[in-house]
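Peer 1: Each chain, letter by letter, is given below.
2 protein chains.
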Amino acid sequence: MLSPALAELIAALKVLPGVGQKTAQRMAFQLLERQRDGATKLARSLQHAVEVIGHCNECRTLTEDPVCRLCQDPKRQESGLVCIVETPADVLAIEQTSTYQGRYFVLMGHLSPLDGIGPADIGLDKLAERFKLGHINEVILATNPTVEGDATAHYIANMARQYQIRTSRIAHGVPVGGELEFVDQATLGHAFSGRKQFD
Amino acid sequence: MLSPALAELIAALKVLPGVGQKTAQRMAFQLLERQRDGATKLARSLQHAVEVIGHCNECRTLTEDPVCRLCQDPKRQESGLVCIVETPADVLAIEQTSTYQGRYFVLMGHLSPLDGIGPADIGLDKLAERFKLGHINEVILATNPTVEGDATAHYIANMARQYQIRTSRIAHGVPVGGELEFVDQATLGHAFSGRKQFD
Ligand SMILES: [Zn+2]
Ligand SMILES: [Zn+2]
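Protein sequence lines correspond, in order, to chains B and U. According to this note's numbering, the stretch in the first sequence is residues 23 to 221, in order. According to this note's numbering, the stretch in the second sequence is residues 23 to 221, in order.
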């Protein structure tokens, strides 16, 4: 009952995360009925992004440059800090806090032996090269507080130790503004074991 | 902190209904990290749809054909039924019930004098031509049960009357499987005033 071009568009929209049949239909109709210019722009941006965006040769984040703007920044190079994160979205989240002025290394995942994802798959050979070059005072481990994220943080901490580089792990605990009774047990456990002197 | 191509893609994704900055970021990262083939396909389908999809010359629904497949169906032509709906999404919803085998006329909106949307803007001149041609036994008014949808239904019913064509309005009431206490007042009012003999 749908024209082929429309059916194809609806099917293609379902590649988007969290978009099922109903939402894809709603999106397709809205784009074609009221947002044709926006739709054309989206098609072009998407095609362009897929064609030009690869990974930064230094930190592996998504970028169309050989080396991303963060890695090119001399202030960040001189900081001697490298923050290890799992995804480019984590870089963005940290950047939006404006509390960190060092460089990043983006794993694009985490160690997961059961899925066959080993150290080389998350760029740890490249990270070891950066450790070897020196100029790093501290490695901040900001992988997710999950079993895999913790295991990956431990693995990288061991690597850093071989080069006498200090490591730290970002703090995990009760979210600021969060209420204790709504925080999950694991987080609350972390909050207690990671408690600090109060002065 | 984002590369220009990535920032542009995220901005472009926000044209999609219900997609804000955070969702657009998540979509962009997922497409580039894990769905590059899907992203390419989406870009092409979108470009293609915008280029080829227009409105059916008979019923105004979205289609790349001069006359859509529903209008081309001889069974539907012989039915003598025309169902008036506001959007192509309504056609799809009705088709999915498999209870209706007639033709459609898609207003692509509703009368809205305050917004300057008059009869010609929703194709009522074209609809009048179809009324004039004859072969229509009944016009089913399936516009939304809103102030504007009701007003539009009344306007079209008056038009049909001039051509001695019977009109009907789809029933509105408590949704099947719905519980009375969770139904809004207007719907419950409709359900009472539209009650039928029970045998
Ligand atoms: Zn970089
Ligand atoms: Zn048609």
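Any given hint could be a false lead.
[As the list claims (entries may be wrong)] With a Cα cut of at most 27 Å, we get these calculated DSS-like pairs of lysine-lysine:
1) K63/B <-> K154/U
2) K44/B <-> K36/U
3) K63/U <-> K44/B
4) K148/U <-> K36/B
5) K154/U <-> K36/B
6) K97/B <-> K148/B
Calculated from the structure, these hints are not laboratory results.
Peer 1: Would you pick out the hints that fail for this structure and give their numbers low to high?
Peer 2: 1, 4 and 5
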